[in-house]
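Chain by chain, the residues:
6 protein chains.
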Amino acid sequence: MFYHDRRLQRQVTVDKPDPLFARMLQQAIGGVEGEIRVCMQYMFQAYGARGPSNKYRDLLLHTATEELGHIEMLATAVALNLETAPTEAQEQGAKDAIVGAVMGGGESPRHVLEGMLHKQLLSTGMSAHPSDSDGVPFDMSHIYASGNLAADMYCNVAAESTGRVLATRLYNATADAGMKDMLGFLIARDAMHQNQWLAVIEELGGEAGALPIPNSFPEANQTNEHAYQFFSTSVDGSYPAGRYTEGPSIDGKGEFSVFQAQPMGEEPVLGPARPDSGAQNEQIGAKPAQQIP
Amino acid sequence: MFYHDRRLQRQVTVDKPDPLFARMLQQAIGGVEGEIRVCMQYMFQAYGARGPSNKYRDLLLHTATEELGHIEMLATAVALNLETAPTEAQEQGAKDAIVGAVMGGGESPRHVLEGMLHKQLLSTGMSAHPSDSDGVPFDMSHIYASGNLAADMYCNVAAESTGRVLATRLYNATADAGMKDMLGFLIARDAMHQNQWLAVIEELGGEAGALPIPNSFPEANQTNEHAYQFFSTSVDGSYPAGRYTEGPSIDGKGEFSVFQAQPMGEEPVLGPARPDSGAQNEQIGAKPAQQIP
Amino acid sequence: MFYHDRRLQRQVTVDKPDPLFARMLQQAIGGVEGEIRVCMQYMFQAYGARGPSNKYRDLLLHTATEELGHIEMLATAVALNLETAPTEAQEQGAKDAIVGAVMGGGESPRHVLEGMLHKQLLSTGMSAHPSDSDGVPFDMSHIYASGNLAADMYCNVAAESTGRVLATRLYNATADAGMKDMLGFLIARDAMHQNQWLAVIEELGGEAGALPIPNSFPEANQTNEHAYQFFSTSVDGSYPAGRYTEGPSIDGKGEFSVFQAQPMGEEPVLGPARPDSGAQNEQIGAKPAQQIP
Amino acid sequence: MFYHDRRLQRQVTVDKPDPLFARMLQQAIGGVEGEIRVCMQYMFQAYGARGPSNKYRDLLLHTATEELGHIEMLATAVALNLETAPTEAQEQGAKDAIVGAVMGGGESPRHVLEGMLHKQLLSTGMSAHPSDSDGVPFDMSHIYASGNLAADMYCNVAAESTGRVLATRLYNATADAGMKDMLGFLIARDAMHQNQWLAVIEELGGEAGALPIPNSFPEANQTNEHAYQFFSTSVDGSYPAGRYTEGPSIDGKGEFSVFQAQPMGEEPVLGPARPDSGAQNEQIGAKPAQQIP
Amino acid sequence: MFYHDRRLQRQVTVDKPDPLFARMLQQAIGGVEGEIRVCMQYMFQAYGARGPSNKYRDLLLHTATEELGHIEMLATAVALNLETAPTEAQEQGAKDAIVGAVMGGGESPRHVLEGMLHKQLLSTGMSAHPSDSDGVPFDMSHIYASGNLAADMYCNVAAESTGRVLATRLYNATADAGMKDMLGFLIARDAMHQNQWLAVIEELGGEAGALPIPNSFPEANQTNEHAYQFFSTSVDGSYPAGRYTEGPSIDGKGEFSVFQAQPMGEEPVLGPARPDSGAQNEQIGAKPAQQIP
Amino acid sequence: MFYHDRRLQRQVTVDKPDPLFARMLQQAIGGVEGEIRVCMQYMFQAYGARGPSNKYRDLLLHTATEELGHIEMLATAVALNLETAPTEAQEQGAKDAIVGAVMGGGESPRHVLEGMLHKQLLSTGMSAHPSDSDGVPFDMSHIYASGNLAADMYCNVAAESTGRVLATRLYNATADAGMKDMLGFLIARDAMHQNQWLAVIEELGGEAGALPIPNSFPEANQTNEHAYQFFSTSVDGSYPAGRYTEGPSIDGKGEFSVFQAQPMGEEPVLGPARPDSGAQNEQIGAKPAQQIP
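Chains as they are written, first to last, in my numbering: chain H, 12 to 304; chain P, 12 to 304; chain B, 12 to 304; chain D, 12 to 304; chain Z, 12 to 304; chain V, 12 to 304.
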């Protein structure tokens, strides 16, 4: 179960509110690279963790709980970027900060701004929502929790890698010192988490021990002659040589080689359509194609 | 650009059609761990590949094109599992293969079966659709193509890991020799692809060279004191010790340690609601909470 | 604007409630081939209809309004299939009608049934919901209203064709006289609507007058040499000859021929990644691929 | 069943077309607070209404039918805001109305405008679509029809409350007299509907009679000692006192009090992974955590 | 920020694992009436809370944090329902508990069961996922946080009402004492939360003080003559009389009456399509409809 | 199975990079009218093609494979529109090309631009993604593959019609010669494909032979008296006369006529709610409506 403290994990300040940056920050909340994703992914991996003992259940709960605080920080940053104190000053502020400087003045810069801040203005009244920077709501199919510990760890490394890439893009897109401080903190935490999940892979025997994932499937059951071949699909037979075309495989269980892709099967022929299946008569009678026209 | 051959990459045979297994196979087509996902993920990573030269663009196109053939194999397998030759025999077949043996007979086993095969029966007329085994359509937000080569490689390892886990579950769920052959082949290819994408990480300098991703972000800009700390969020201060709580970090750039999570910020106080923002009067006047009741 | 009558467009009766059929009927309500789709598609086409006069706005409103009554009929049919009069009799009814006969008896057939009727039992309390037979909610991106009258008509023919295919599958899946009557009526209406939308194409000049859609785009602006060629992508150069490979084109504006697909462009080379774009260093420096390993 | 009149429920005029406002209006059509939602929600609640008699079925049909006319009004308003009469004048109009005044002139303000009006320009050819102001299509999972009359009424109050909040935000965002007239009408109707659905709650016995919803569940079956306690999850045990922490409960069936949240359960320990479940070997053997590294 | 305790808020036990019930429980996790929804809804309402002071921010955080623990309990219950200790016993267990008793025996009841447990078997390896009982992933557009405190409270009452309805349906669908205990606890908490959010409405002045929501919109700006009228859309002018057709309105600001719906506007006529808009020529030239055929 | 060539089907050049046009091009990639849709639709229709022989399976594979190359061309165009060579020049370029010319200068036009390019900047690092121009990911429910050949052909005509409409809108929205060349090519291919799929209808007997779809459903089973009637739903009995209100039907199997819509059924009365269904007591007891207040 969980507890909360009204205070934030780290202070969030915005020196100069910037509504467009508020919208960009949404990607780090509700984007597929964002914090809801890692928070919920670690939660659900924890809830389904089976053996060894409960060590990894607990580990995952620690970081899931931390990430929940990151959602809170980012949502607070969105709300702060959307506001200034008095109303008239705000319109002036908006003009200065964003539109005026850019657009060369005019009667109503606020109107264009409104045209770019749909959900924030119309749906939330100047605060964050669990959607990405395009207003697309986060969808929980992105919570990867496979029941395989090693697969989940790579899913987590992937999430923290795209997450840190996104955070550095946001860092580069703002000049606000408060925002740079917050993002620099989140970027550091993503660095830790990349290392952390790979450390679990190391505990599980490293790439040689963990791969191929799942390592519980008997290798005799897979088509071993194709298990370490790079398939070239190029019409001219060329391929980009690399670490993956020769030498020992990363998991240490095979030798890389190259195989020119070609049909090893026949053209499939399905049976005719069933009479009650809503097909056209021609599909049911299976009149040969050459007789059709 | 692309070419096709009417023949399959590998022969697909079904010894005994099994409509329920057809539905399970859908997860490998349109599930988030499935083949549409890896095919399109590699395609879009290729289309956006920037430096070094076009090597990785081509590499990604090779494997994307291979995966396209895997979608075709699986879709063919679904169609074959949904059919038997003559209609009457088919109903008998269905009774024998699935329902009869299980359900102890009865007048109309086909009716229950129909109740479990919605999209296949009602929408596709006995063939595959690009949805998962629950009938949820695949959604392209699962195509991870971040513009960062290393992040993308870990996304690909994650995809091939959950993909191989899924394929082994399907392998274990069928007794059909034809299906076991097809799945054993796909399982082998997933093993190769796990190795292949990690081989690219090795080319990029391995974990020490590639991490933290993106490696182009100046480390001075992140909050370095927190970049290698495990944050414990446990109320009692406990934590599960492991490779990630002490020793050198995986990227070789820091030393793991433990930090007891605590608020480093204050409780955030947002400004009152704007008068024209559709809030309640109480939120605009900002009457102190203690005066509300 | 709209009016309603509490009575149905056509009587809906269910002789023997069948919860599994209720679930199948959902496809005709909230499936992409279903009635919400055609109702809303015609509504939105009407709302955006521009010239000639308001004739087609009104035509579309007529049929949209009719379809609204079809949603009502189907939703009523779902509710009736989920109920029987007294509770105890109902459990008996369920046992008789569906599970008992099929599954050979047992202590609690209702439990398996419940396991197959999620949304109906858990979310709606025994009535219809705007989702398909797999419980996937209808999503309004399927409302095609392109602003081009001829394109919209073909979208409507497509919708009524898949809709009638679905309705005949449902007709074939039930033995209930009441349900067959309702579906026979809906199937007749779909026949009319297929004819109706093609009649509008005829009013617009038929295939020769309407195609290529949009007919307002100057033909000189398209790459005319490829406008009537069948592109063969087969590696061996073969192709399935047909009405589309020779003879006058359907729109009467060209002559069909065959073109063997081949690259007419070069391999694209994108610029290196920008330094602030969150890419890996290797992508920014654009070190040649052969130097990478 | 339903009928239509070609005329609108209320005249819709646009004095000065404003494409950006057209985009904002989309939120009231296809947003989760919009008119498709209430229309379809009342329709489906009607279709599944069970006892008392058919009174509430009919009531719901009345208001559902009214809302259908509101979708039509808003869609018409979108189309009118996207047009002006002759093409050249329109470009001039666009420059004047939106971009020119704001952006200080320039060669091609229309281009930026186009960059902000994707679906309207590209997909609908200058008319409305059933999506929100960010272009996210409406998804029917927002149709709440629970089969419980009182729960549905609160869902309806919630929908009309967020709907009126949205409509007032749109009212405040436009200076167009025609648009203010239309929105003032819709805002009035939302006021009525908030009152209307709460009037049904009053008919059902008010808060004391209807709560807790469902009132048909025997109170003896719930854990009554926790049924009127405010759970404090604050680590320091503090909580914000209010009407909900002491005094009689709103439903008149209990007395509010405060409970400091704490674990009343143990740490859950799941069994090891099954051998055939695609887990890693370590999860199957259940090696104790302390032996892993 | 947040903390966690490895123990559960309340003990979760399953006396007799029931995989089908595991699937039904998913609705309470990832259904629109489920715990992810209330947890995240209260979180985001808290993050955007503006005035009065931070009282309601804190209140919302308390209950959001509690709900997070409910997700954990339910996910644990799903995992427990999917397992039994030794593998062979499990297959036996499955046969006994669910399929055998129901289906009258047969060789492979597990196969049918597998056909009904897609995501649990194939995607999560026997644990919970953030999807509903049909496998549809939760989508965050269901997080209602409008920026209006009273509207949000009614959204919360709606969520807790449909949530408690769902929980009682699950309670009635199981005979397992452990599951009944857990659900009885959650049902009690939902009762509290219904009362709690209505208590906030009472603090905000009750229905008379809070309505119409938002109460900050000047009543003079709405079309007051229609603000308390029930609109009858029946073709025959009939309507279901009730508390909402006469007497003082619930908000005490008007008097209910009845208005027979009729067109107060004209048929809208949109301008012809623009020449460059991809319409058909007929729509651009605006040839009168009567001349079309 | 499939092969690839690193070169493009047709050269793609961008004379003057235009990030806003890059965003608009996304609609042709991931919009419902886009190339992913037709590519995957033809693929899945091919995979499920049943009789006549494999002719149409092969035909569909040809065009599906061609469309895959179109996705590649468009994705390359997006990447090229997002880049310019050196960074400083790029910012200058952006200023010149898009914002500067439009907005009259200002300090940071790039900031506004960033506010309009979310996914391209934040998620992909300057390349294409499989989403539409609003950033909404493509969802595979738009892959229509009904199992009925004629229905599928009309779905394909519909897709190519909306696709060509979209492409002409993009053509009209750009002044870039390279982009006009690419779009002119795609527009020509769409013209061919409209003709191609209608040519298959001609092979299947034309409208008279193919309609009503499915032509395998016995006409005696539909309610024939309503199969060729235009239903008028207008309250005043008026209707827009046309080709669809009199004369022979398009399929040659009936005669069009007009029918004034009216209730042919009664008001449906559902049974009371079940006691264990989570309804309110009033719904279970079925107290008559008139006794409720």
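I should point out that these hints are in silico values taken from the structure, not numbers from a laboratory.
Among these hints, one or two may not hold up.
Same chains, same names: a pair is fine if it fits in one copy or spans any two.
Quick list of in silico lysine to aspartate or glutamate cross-link-like pairs, EDC-like style, CA-CA up to 16 Å [what the hints assert, rightly or not]:
(1) Lys-191 with Glu-213
(2) Lys-264 with Glu-230
(3) Lys-66 with Glu-278
(4) Lys-264 with Asp-192
Since this is a predicted model, take the numbers as computed values, not measurements.
Structure-based check of all given hints:
1. Lys-191 with Glu-213: neither (33 Å within a copy, 32 Å between copies)
2. Lys-264 with Glu-230: within (10 Å within a copy, 36 Å between copies)
3. Lys-66 with Glu-278: Answer is between; shortest inter-copy Cα gap is 12 Å, intra-copy 51 Å.
4. Lys-264 with Asp-192: Result: close neither inside a copy nor across copies, 46 Å intra and 21 Å inter.
Of the numbered hints listed earlier, those contradicted by the structure are 1 and 4.
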